[in-house]
Structure formats: C-alpha cells, structure tokens
Amino acid sequence: MRARDLLHPRPEGLYCPPGDFYIDPVRPVGRALITHGHSDHARSGHAHVLATRQTLDIMALRYGEDFAGTTQTAVIGEIIDIGGVKVSFHPAGHVLGSAQIAVEHGGVRIVASGDYKRRADPTCASFETIQCDVFITEATFGLPVFRHPDAGHEVEKLMKSAQQFPERAHLVGAYALGKAQRVMRLLRDNGYDRPIYIHGALVKLSDYYQNQGIALGELLPATVDRSGKENFAGAIVVGPPSAFADRWARRFPDPVSAFASGWMRIRQRAKQRGVELPLIISDHSDWDELTETITETGASEVWVTHGREEALVRWCELQGIAARPLHLVGYEDEGD
Amino acid sequence: MNRFAELLDRLVLTPSRNGKLKLMVDYFRAVEDPDRGLALAAITGDLNIAAVKPAMLRQLVSERMDPVLFGYSYDYVGDLAETVSLVWPDAPERRPNRPPTLADVVALLQSASRSDGPKVLAGLLDSAGIEARYAIIKLVTGGLRIGVSARLAKQALADFGDVDVAEIEELWHGLAPPYLELFAWLEGSAPKPEKAAKALFRPVMLSTPVGDTNLDKLDPADYAAEWKWDGIRVQATCEAGVKRLYSRTGDDVSGAFPDLVDAMDFDASIDGELLVGDPREATGTFSDLQQRLNRKTVSAKMQAKYPAFIRCYDLLHIGAEDLRALPFAERRQRLEAFVATLDPSRFDLSPLVSFADWDELEALRKAPPHPIIEGVMLKRLDSPYLAGRPKGPWFKWKRDPHTVDAVLMYAQRGHGKRSSFYSDYTFGVWTGAEGAEELVPVGKAYFGFTDEELRQIDKYVRDNTIERFGPVRSVRADRTTGLVLEIAFEGLARSTRHKSGVAMRFPRISRLRWDKPSAEADRIETLEAMLD
Ligand SMILES: [Zn+2]
Numbered sequence: 001m002r003a004r005d006l007l008h009p010r011p012e013g014l015y016c017p018p019g020d021f022y023i024d025p026v027r028p029v030g031r032a033l034i035t036h037g038h039s040d041h042a043r044s045g046h047a048h049v050l051a052t053r054q055t056l057d058i059m060a061l062r063y064g065e066d067f068a069g070t071t072q073t074a075v076i077g078e079i080i081d082i083g084g085v086k087v088s089f090h091p092a093g094h095v096l097g098s099a100q101i102a103v104e105h106g107g108v109r110i111v112a113s114g115d116y117k118r119r120a121d122p123t124c125a126s127f128e129t130i131q132c133d134v135f136i137t138e139a140t141f142g143l144p145v146f147r148h149p150d151a152g153h154e155v156e157k158l159m160k161s162a163q164q165f166p167e168r169a170h171l172v173g174a175y176a177l178g179k180a181q182r183v184m185r186l187l188r189d190n191g192y193d194r195p196i197y198i199h200g201a202l203v204k205l206s207d208y209y210q211n212q213g214i215a216l217g218e219l220l221p222a223t224v225d226r227s228g229k230e231n232f233a234g235a236i237v238v239g240p241p242s243a244f245a246d247r248w249a250r251r252f253p254d255p256v257s258a259f260a261s262g263w264m265r266i267r268q269r270a271k272q273r274g275v276e277l278p279l280i281i282s283d284h285s286d287w288d289e290l291t292e293t294i295t296e297t298g299a300s301e302v303w304v305t306h307g308r309e310e311a312l313v314r315w316c317e318l319q320g321i322a323a324r325p326l327h328l329v330g331y332e333d334e335g336d
Numbered sequence: 001m002n003r004f005a006e007l008l009d010r011l012v013l014t015p016s017r018n019g020k021l022k023l024m025v026d027y028f029r030a031v032e033d034p035d036r037g038l039a040l041a042a043i044t045g046d047l048n049i050a051a052v053k054p055a056m057l058r059q060l061v062s063e064r065m066d067p068v069l070f071g072y073s074y075d076y077v078g079d080l081a082e083t084v085s086l087v088w089p090d091a092p093e094r095r096p097n098r099p100p101t102l103a104d105v106v107a108l109l110q111s112a113s114r115s116d117g118p119k120v121l122a123g124l125l126d127s128a129g130i131e132a133r134y135a136i137i138k139l140v141t142g143g144l145r146i147g148v149s150a151r152l153a154k155q156a157l158a159d160f161g162d163v164d165v166a167e168i169e170e171l172w173h174g175l176a177p178p179y180l181e182l183f184a185w186l187e188g189s190a191p192k193p194e195k196a197a198k199a200l201f202r203p204v205m206l207s208t209p210v211g212d213t214n215l216d217k218l219d220p221a222d223y224a225a226e227w228k229w230d231g232i233r234v235q236a237t238c239e240a241g242v243k244r245l246y247s248r249t250g251d252d253v254s255g256a257f258p259d260l261v262d263a264m265d266f267d268a269s270i271d272g273e274l275l276v277g278d279p280r281e282a283t284g285t286f287s288d289l290q291q292r293l294n295r296k297t298v299s300a301k302m303q304a305k306y307p308a309f310i311r312c313y314d315l316l317h318i319g320a321e322d323l324r325a326l327p328f329a330e331r332r333q334r335l336e337a338f339v340a341t342l343d344p345s346r347f348d349l350s351p352l353v354s355f356a357d358w359d360e361l362e363a364l365r366k367a368p369p370h371p372i373i374e375g376v377m378l379k380r381l382d383s384p385y386l387a388g389r390p391k392g393p394w395f396k397w398k399r400d401p402h403t404v405d406a407v408l409m410y411a412q413r414g415h416g417k418r419s420s421f422y423s424d425y426t427f428g429v430w431t432g433a434e435g436a437e438e439l440v441p442v443g444k445a446y447f448g449f450t451d452e453e454l455r456q457i458d459k460y461v462r463d464n465t466i467e468r469f470g471p472v473r474s475v476r477a478d479r480t481t482g483l484v485l486e487i488a489f490e491g492l493a494r495s496t497r498h499k500s501g502v503a504m505r506f507p508r509i510s511r512l513r514w515d516k517p518s519a520e521a522d523r524i525e526t527l528e529a530m531l532d
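Protein chains in written order, with UniProt numbering: chain A, 1 to 336; chain B, 1 to 532.
Quick caveat, the hints were computed from the structure, so don't treat them as lab data. Treat the hints loosely; a few may be bogus.
[What the hints assert, rightly or not] 20 Å max Cα-Cα, derived SDA-like pairs, lysine to any residue:
#	chain 1	residue 1	chain 2	residue 2
1	A	K160	B	L11
2	B	K195	B	D164
3	A	K271	B	Y446
4	A	K157	B	D26
5	B	K301	B	D262
6	A	K271	B	D26
7	B	K396	B	K301
8	A	K271	B	D262
9	A	K157	B	R29
10	A	K271	B	I146
Turn these sequences into a full structure, and let the hints steer you where they fit.
Below, the structure is given as structure tokens:
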C-alpha cells in the first residue's frame, strides 16, 4: 500500500480512506481522532471522537459535555482496530493528554505527531519515539533560529525581575491550556511559594490539572476591588496573552508585561508586542528537537505540516530523506 | 559575558527611565571589576574594538551552515547579528570550562590582528551561548542600540554611588575603561579620582520655565534678559592646546564641527549656543542648522555653506581662573571683553535685551527679531554658575507655541504603564482639491493629555477602529467623522522624508476638540505658511 493512500489531506483535515476517519479535522466530520485539546486541533461538532481520556475531558471543559455525538477513550499504547486499520496513541509531550497517532495498514506505518516537544515537562507525559515509515511532523518552530533555552532558566529570570521590581506587578501572558499550567509548575519547582494570581479564563483548566495530580500551589483569582491596586505589587499574575492588551490589565500597578512563548526568541516579536520581559518557553519542539526526532523515528519519508515547512523539507533533502510539505489548512497555533 | 548579555536584553525592552536605571545600578552592584567598567564603556560608546563588517559575519556563518537554511533564517529574523547568534552551531566540545567573562572577550578582540580577527571572533562565538553570542556580535559590529544614552548611564553611576551626576560628568573625560578608580570611589573604598586630563567638561547650568504667576513676585531690576536661541547648547573648552566642543550633556561633539574647533584658539571655557551662518551678517534658521546635524562626515561644501559659530552666553574659565563662583554680572563683563578678542566670524556675544518691566519684556518676547529665537532667558545678576537646574536664578520664558488643528489617523499601544492604552497618536491635516480632500500625516504625539483624556481617547480609538496591524489601529477619519486634536509644537522645518513635506519639532496634544467637526481641521497650506 502506498502511504498516500493510507493518509492524505482533504479540506476537512488529514483523511484515512480505509479507516474512514480524520485526524484533527477542522470541520465537523463523522469520525475524528484528536491529538490534543488546543482549539485548532480539537473542534466541536464531530459525530464521533476518539482521543485520550484527558483530551476528551479538556474538550468537554472547553465546549461543554455535548461537544461530540459519541466519544471513545484511547488508552495510551493500546491498538484499536478501525475498519482494518490499526490505530494507537502515544505520548507527545506537548500538553496534558497530548498524543501522537500511529496508523498502520497494509505494511505501512505512519505517525502523525500532532504538536510535540522533547523537553522535560512536569505537567504531561514525555514524548515517546515511534519507529515508522512516514513521520508527519509539525513545524511551528521549523527554522534554525528557533532554539529554546532551558525553561527553568527563563522562570528564574521572571522571579529575579519580580524581586528587582517589587513595586510592580508581573503579568505573564501564557496560553490557557498547557503553557499557563507549565509556567506555574515551573515557578513552584523553582521554589516560588507565594500565591499566583490567575485570570478567570485559566480557572477551569488549572483546576483540572490539579485534579489530575499536577500540583500548582495556591492560585488566587486576579480580581480586585477598586481600592486594592497595591495588592498586586510584586505579584506574579498569569493570564491569556490577549487579556494583557485589554482593559483588564489596568487594575495592576505599573505592570511588567511578560510573555511565555517560543516566539519570544525573536527580539523584534517581543518589541512589537510591547513585551518587557520575554520568557522563551515553548510547548513545541525547537529546530534541534525537530531534526533529532526525524532521525530517531527512522522514517524514510517525512511530511511537514503547520509552520515553516520549507526549511525542514530542505534539511531532510540534505540528509537524503524524502520530504514534502503537507498543505493542511486551518491550524493557527493556539498553543504557543 | 552572560550577565552583560542579559543586561543588554533587559535594557532594550524596558521602556521606563527608572526601570533602566534600576537595571544598571543592580548590574554595577552585582558584577565585579573589570567587567562592570567594560560594560559601562560599551554602553557609553567608549569601548574601543575594531569593527567587523557584516560581510565577514556572513562569510563565517556560510562556512558553517547550509546557505539556503541561513537565507530562510535571515529573511525571517531580519537582523544579521541576531540571526547569526541564533543559528551559530553549538559546539559544546569547544566550550571552555568556565564561560568567558566580558573582560576575556574584550581582551581577545582588542588584541586580535586584522588578519586573525575572523578566527578570534569565530572562536569566541563557539565558546558562548546564544545570548552571549548576540552581545559579542553587537560589540564587534558597533552600536548596541539599547536606548540608553551616555547621560543615563552616568546617572546610573550617580545613583549607584549616591553622588550628584554633575560630579561624574566633570570627571568623565579624564577617565578610561574599565574605570576602576571611579567604581572604587563610588563604593567608598577610595578617594575621588583626581582630574588628570585637559579641557574637561564643566557641567552646564540649566533654567526652569517661567510659571504663569511667579514673575509678579520678582523684581525686574534683579535680572538680565537675553534671547533664547534655538540652536544647540554647547561648551567650548580649550586647555593647553586640547580643544573640545561638548554638548550640554558632556558628549564630545568636536568631530562634527571641525570648522568651529579650528577657530577655538584660546585657553578658556565658553558656554554658548551653536548656530550656523556668519554672525556679522545673518544667522541661519533651524532648517539651515539641521543641515549640519546628525551627519557622520561633514563635507567641505557643507562647512562653507553652513559655517558653524557660537553665540556666547557665559564664561566659566579663563586661563587658570575659575569664574563660576562670580556673579553673573561680573562674568558677563569678563565675557564681553573676552569675546572681543576672538574670531568675529566664529564667535559673537548673545546681546542683552533691555527692559523696564515684565510687560515690556513680554511684548518683546512675543515679537522676537529672528525666527530662531524661541523666547527670552532671565538670569539673576548676582547668580553664580551652578551645575544642573537650580530653581530660581535662571528662567526660560518661551515664545508661545504654534498650534494647529489636526485629525487623529492612527493610534498605537504604549509601553509600560500605558501598555493597555492606545497612547501614541499619528495625526494629519487636509490636503487636495475641494471635494477630493484627504488627510496627510504630519506628526506623532504621545503626551500633553491628562490620564482622564487618555482614557477618553483610548475608548474613542477602540470604538472607531477600521483596521488593525499589530499594535497599531487605524481610526475612522474622514470629512464627516474624526477626532480633532489641537497640536502645539515649537517649530516646523521642511522635510523630504515626510510625505507631507514638513516635520514638526516637539509636537504634543494641547487640547481635545471633541466639539470641532473633522472637516474644519487645518489644511497643509496653513502649516506651510508657518515654515521657519
Ligand atoms: Zn497544540
């Protein structure tokens, strides 16, 4: 069987004809396999959804209990037969519940990575390399300039700045699913034991992480009565990045705006957003991780999707690995 | 090196002056000699390192990575130093046991010969992490561009040692990197360094604005008045053959005015205003003066067409005698006698303006005899020459600003405290034939309004946005809708860089004209008539 007959792009998403299912479809379909809970990958309105328990929980939290017709839990590492196609889910190390999806049929195995990273992350299971014939890799940070530093060091920068400017609130922009909880956990692992203040948009997901056994310490709502601006002096406040450009941010005294994202590697990006304290913390693989992973999977062919495809395709060519961009539409990187 | 790299990265993104000062003071506290002094020199532009050309950097990187991948990377980042710092291959096996200090890096770079420069640089980049690589490349390509002036760095030193910044400025030109004796003094472990060099800068005396009321309390007989010339305040200091032309913050600007420095044939220190023209015939306008500013090299033609001269205000030093403790009236007499001995094509005296009472002076102030006069100065006849901006002895009484009614076109989000507000405004005036009018941008302003007005404009911007690009919003502005802003400014010059053909000096928002229909805002012709 040819790989492209097992999986190929359609406007709805990546489609498997023999199994009649889609991976991370962007429009409502009959049967969807979902890699993780970020909104560009996990949409509501499918008739049937197969995903890890945690991804299903997260979708229910974000879209309501009736986000799909029926659901089925994929247990990590277990093989599920769908119309003769063997499907299995494996940890991707991206956010809580995230998985790569391996699809095998007619002697061909393809692994769709979804979003993934290789760095240690105390808030989710670590990436596992799956040998395959075709590896479908994300390329969000698919340029040699993206080389993430140690995330612990970035959090130290934040704590140092909070000490240096004790009269100012430190507002950390971090996406609501995954990044926010990871930043909070990194703060705790670095010995930060004061309460962390969070924007309302983070409450449900952070509670869910804590219920799943990921301790985040004392989290308090970042709401103030009008008299209490000084309460946030020296405090660390975490919220979705969009909130900090908004009127919501005015309740804080002379805030230092920080942003936890792989994009903060590029100074001009930080400048454009008015970020004073960039924290280069990413839930995606950097360039070195992408290229190492491609090598480790042993894949003879690589399909590159959402991100900067051309550089990774070029790298594969230089290594003698067949590669092509997979033009999937509709993925907008909510997660970094 | 890592701490220096971190300092640069923080400084460039920290908008507030106080924030920058705090970062520098903490750095001076945490970092030992000689690194902190070298960092200081790098910031003030006093660190001497042979420059590396961009082409050489590209060459080095092309020996180490695929040019296509480098091309993609450079296209994306847009800055060569940053791209190279990021894509440079990590070489853990070539890393020394201890990361290089700033002193290690500077020593290697300064001792490298022209021919082994590239090899030395490559070795340093191998030995460092990404942030340090960026800092190294910025050091060798010249120009840190971190938004910190030499003056601000000196203020940080003053804060660090709890001394007056004037003391630092007075010493500065006699010191050299890594400033060990300066730091020792500021830390209290050594006496104040002796002034060793010749022709040092003397900190300048500045004035405070005349308020609306306090003139009534002052006796006109206690004050001398003179025109306030809108050139560049300078200090011409010569001692034992060393000639220096300083800006009012103590930066040495001699290099930009060789014609004037040539004529500085004396042993004294003069405070005055740098202008262009021939003082015996005609003083140039601000547009003329601009021809001589911000140029790396000054052609002979430029020097002939716009010769620089000094209109003298004060005399601080003559020979070995320090005049600064004398009263103004006495210094003025000495100055008059002294200027009479100088080349009259390069030096003249700023004339005193005689007046009997404040009303007469106000009438003179409102109708100055030359476009480059921006008001009058009042100086107490008995005042000594004091460093800084003492309250009382000297006042500036500026000409009323020009105003124009313009329409808000774009708004950009601010920084720091204002990061959730649209606080930087681009405004325009009408141009084009009747019935086909369009707005042409004529300037940008980001102050002049109260916090309450800022909130109102911010709401207006959010409610009337027609397009967004990053932090900028374009605001509805046509003949029927639009917010009219009364803009005050100090002067107007022709400009080929602006589409409107004019550039405003010091524009700010003086009033919000919610009442005024946008179609009644001013036209470009009104501005053109105000050109200096
Ligand atoms: Zn994601």
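Worksheet item: For the pair supplied as a hint, B:K396 and B:K301, is the alpha-carbon distance within the 20 Å limit?
Response: violated (35 Å)
Worksheet item: Between A:K157 and B:R29, does the CA-CA distance stay at or below 20 Å?
Response: holds (18 Å)
Worksheet entry | A:K160 paired with B:L11 [C-alpha distance capped at 20 Å] | Holds, at about 15 Å.
Item to complete: Below or equal to 20 Å on CA atoms is what counts here, so check A:K271 against B:Y446.
Response: holds (18 Å)
Worksheet item: Are A:K157 and B:D26 close enough, with their CA atoms no more than 20 Å apart?
Response: holds (14 Å)
Worksheet item: Taking only the CA atoms, is the gap from A:K271 to B:I146 under or equal to 20 Å?
Response: Holds, because 12 Å separates the two Cα atoms, which is no more than 20 Å.
Fill in: Hinted pair A:K271 and B:D262, Cα distance within 20 Å
Since the Cα atoms of A:K271 and B:D262 sit roughly 44 Å apart, the hinted pair is violated (cutoff 20 Å).
Fill in: Hinted pair B:K301 and B:D262, Cα distance within 20 Å
holds (16 Å)
Worksheet item: CA of A:K271 to CA of B:D26, is that 20 Å or under?
Response: The hint is violated at about 23 Å.
Worksheet item: Given the proposed pairing of B:K195 with B:D164, does the C-alpha separation stay at or below 20 Å?
Response: holds (16 Å)
Checked against the numbered hints given earlier, the structure breaks hints 6, 7, 8 and satisfies all the rest.
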